[in-house]
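Chains as they are written, first to last, in the working numbering: chain Y, 1 to 116; chain R, 1 to 226.
It should be emphasised that the hints constitute simulated quantities derived from the structure, not laboratory data.
Glycine is no exception: its CB is placed at the ideal position from the N, C-alpha and C atoms.
There's no promise every hint is true.
Claimed, not checked - Derived EDC-like pairs: lysine to aspartate or glutamate, alpha-carbon spacing no greater than 20 angstroms straight-line: (1) R:K42 <-> Y:D102; (2) R:K139 <-> Y:E98; (3) R:K90 <-> Y:E39; (4) R:K34 <-> R:E46; (5) R:K90 <-> Y:D56; (6) R:K47 <-> R:E205; (7) Y:K29 <-> R:E62; (8) R:K148 <-> Y:D102; (9) R:K90 <-> Y:D49; (10) Y:K21 <-> Y:D83; (11) Y:K76 <-> R:E193; (12) R:K201 <-> Y:E77; (13) R:K42 <-> Y:D26; (14) Y:K114 <-> Y:D56; (15) Y:K29 <-> R:E205; (16) Y:K29 <-> R:D95; (17) Y:K21 <-> R:E46; (18) R:K47 <-> R:D95; (19) Y:K112 <-> Y:E69; (20) R:K129 <-> R:E205; (21) R:K70 <-> R:D109; (22) R:K48 <-> Y:D26; (23) R:K148 <-> Y:D83; (24) R:K175 <-> R:E62; (25) R:K48 <-> R:E221; (26) Y:K73 <-> Y:D83; (27) Y:K21 <-> R:E205; (28) R:K42 <-> Y:E98; (29) R:K86 <-> Y:D49.
Unchecked claim - Coverage of chain R stretches by chain Y, computed from C-beta distances (three or more under 8 angstroms per stretch; other residues unrestricted): (30) 34-44; (31) 80-92; (32) 158-165; (33) 199-212.
Each chain, letter by letter, is given below.
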Amino acid sequence: MATKLVFLLLLTAFSVQAQAKETPADNYKAYCVQCHGSEGTGKGVNVRDMSVVPRDHTDAKSMSGRSDETLFKAIKEGGPSIDKSILMPPWGSTLSDEEINDLVQHLRMLCKCKFG
Amino acid sequence: MKRMILVTVLGFSGAVLAEGGMLQESCAACHNIKGPATQTLKAAFEKKGPALFYAGNKYRQEWLVSWLQKPSRIRPAGMYYGGHIKPGPKGDEIDTSTLTDHIALSKADATSVAAELMKLKPHNDLIAKEKIESGTISKQMGEMAFNKFLGCMACHLIEPEYGGVSGPELYTAAKRLQPQYIVSFIRSPQAWEPKSMMPNKNLSEVNIQKMVHYLETLSKEATNGH
Numbered sequence: 001m002a003t004k005l006v007f008l009l010l011l012t013a014f015s016v017q018a019q020a021k022e023t024p025a026d027n028y029k030a031y032c033v034q035c036h037g038s039e040g041t042g043k044g045v046n047v048r049d050m051s052v053v054p055r056d057h058t059d060a061k062s063m064s065g066r067s068d069e070t071l072f073k074a075i076k077e078g079g080p081s082i083d084k085s086i087l088m089p090p091w092g093s094t095l096s097d098e099e100i101n102d103l104v105q106h107l108r109m110l111c112k113c114k115f116g
Numbered sequence: 001m002k003r004m005i006l007v008t009v010l011g012f013s014g015a016v017l018a019e020g021g022m023l024q025e026s027c028a029a030c031h032n033i034k035g036p037a038t039q040t041l042k043a044a045f046e047k048k049g050p051a052l053f054y055a056g057n058k059y060r061q062e063w064l065v066s067w068l069q070k071p072s073r074i075r076p077a078g079m080y081y082g083g084h085i086k087p088g089p090k091g092d093e094i095d096t097s098t099l100t101d102h103i104a105l106s107k108a109d110a111t112s113v114a115a116e117l118m119k120l121k122p123h124n125d126l127i128a129k130e131k132i133e134s135g136t137i138s139k140q141m142g143e144m145a146f147n148k149f150l151g152c153m154a155c156h157l158i159e160p161e162y163g164g165v166s167g168p169e170l171y172t173a174a175k176r177l178q179p180q181y182i183v184s185f186i187r188s189p190q191a192w193e194p195k196s197m198m199p200n201k202n203l204s205e206v207n208i209q210k211m212v213h214y215l216e217t218l219s220k221e222a223t224n225g226h
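Chain Y extracted, bound-state conformation:
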């Protein structure tokens, strides 16, 4: 009985942990910085040989030309979904919709800008 309870507790702890939502800052650091760079300016460690440079997320001018829906789509389904480069990957299998929405807000913070 006692072992069963401990097992159940462990199981709960484990599954909650597995589904826990990450912060947008951590998601950006883990997945986006490799290309968009530690400053978000599009100068990540991977860019040397890339034929299309990653978007500068701090550039208010170009970022304000994108609606939140477009940014969401680009992140979830990748560059080609908004007629952009295949080098921008789809993150729909990595991030939940909620996490992607949070990332869109994180991008708005980086560019200090809104749509329009």
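Add chain R to chain Y, keeping to what the hints say.
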């Protein structure tokens, strides 16, 4: 007859103790040898080496034996990559001063640790789902798909001086990895590592098979070059 059984039993438990001991004592500080896979980014940022608890589903044994004696760098930016980059004049660059050489083993230790690692097969289910279709692809066609149509070059080197650096170099992948693992990982990195920094690019079956054939072509070339 009785004596033989006894000898076998003793021999077996002796080996398990010694080798389990080595993995535990010399490797577990940096490698996850028991599972489960990393479940949070906090833990992913702390990772000091790739997970080895599914080593038997992943590596070619002969490669393990030789690499462990003479390890060379596979991930240009180490692990986790974010801990080994610094700002430079043109953007982020690898901070090589933070990268260290991997521990090298004697032939005997490498052989016994490799044998121990090959027993770790918690993902036989994922491997059993995959089939490698026979086929070949020229280097040019493979490269075109890898770079232009699929965008894999952004994170992987396909030769020592071409490609991205946040992922493992891939010109040696087919020498290091079992083909079913390559297929399975490309199909779903998250099935192996939920927090993998490689995205699922939703490749078609045809393209997945193309990638395995291309990586085989690349590795053969790398071998011929020596």
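Hints, verified against the model:
1. R:K42 <-> Y:D102: Measuring from Cα to Cα gives roughly 18 angstroms; hence the hint holds.
2. R:K139 <-> Y:E98: It is violated: about 41 angstroms lies between the C-alpha atoms, which goes past 20 angstroms.
3. R:K90 <-> Y:E39: 12 angstroms, holds
4. R:K34 <-> R:E46: Distance of about 17 angstroms is within 20 angstroms: holds.
5. R:K90 <-> Y:D56: Roughly 14 angstroms separates the two Cα atoms, so the pair holds.
6. R:K47 <-> R:E205: 32 angstroms, violated
7. Y:K29 <-> R:E62: 36 angstroms, violated
8. R:K148 <-> Y:D102: This hinted pair is violated, its Cα atoms lying about 30 angstroms apart.
9. R:K90 <-> Y:D49: Given that 20 angstroms is the threshold and the Cα spacing comes to 13 angstroms, the pair holds.
10. Y:K21 <-> Y:D83: It is violated: about 29 angstroms lies between the C-alpha atoms, which goes past 20 angstroms.
11. Y:K76 <-> R:E193: Distance ~19 angstroms between K76 (chain Y) and E193 (chain R) Cα, so the pair holds.
12. R:K201 <-> Y:E77: 9 angstroms, holds
13. R:K42 <-> Y:D26: 8 angstroms, holds
14. Y:K114 <-> Y:D56: Satisfied, since the Cα-Cα distance of roughly 15 angstroms is no more than 20 angstroms.
15. Y:K29 <-> R:E205: 31 angstroms, violated
16. Y:K29 <-> R:D95: Status holds; Cα separation ~17 angstroms.
17. Y:K21 <-> R:E46: 18 angstroms, holds
18. R:K47 <-> R:D95: With Cα atoms ~17 angstroms apart, K47 (chain R) and D95 (chain R) stay inside 20 angstroms; holds.
19. Y:K112 <-> Y:E69: Holds, at roughly 17 angstroms.
20. R:K129 <-> R:E205: Holds, at roughly 13 angstroms.
21. R:K70 <-> R:D109: 12 angstroms, holds
22. R:K48 <-> Y:D26: 18 angstroms, holds
23. R:K148 <-> Y:D83: Holds - the C-alpha atoms of D83 (chain Y) and K148 (chain R) are around 15 angstroms apart, at most 20 angstroms.
24. R:K175 <-> R:E62: Holds, at roughly 9 angstroms.
25. R:K48 <-> R:E221: 31 angstroms, violated
26. Y:K73 <-> Y:D83: Holds: K73 (chain Y) and D83 (chain Y) sit about 11 angstroms apart, inside 20 angstroms.
27. Y:K21 <-> R:E205: Violated: K21 (chain Y) and E205 (chain R) sit about 31 angstroms apart, past 20 angstroms.
28. R:K42 <-> Y:E98: 19 angstroms, holds
29. R:K86 <-> Y:D49: Roughly 18 angstroms separates the two Cα atoms, so the pair holds.
30. 34-44: Held - the stretch 34-44 of chain R has 6 residues with a Cβ nearer than 8 angstroms to chain Y, which meets the minimum of three.
31. 80-92: As far as the stretch 80-92 of chain R goes, the hint holds, because 7 residues have Cβ atoms under 8 angstroms from chain Y.
32. 158-165: holds (count 4)
33. 199-212: As far as the stretch 199-212 of chain R goes, the hint holds, because 4 residues have Cβ atoms under 8 angstroms from chain Y.
Consistency with the previously given hints fails for numbers 2, 6, 7, 8, 10, 15, 25 and 27, ordered from lowest to highest.
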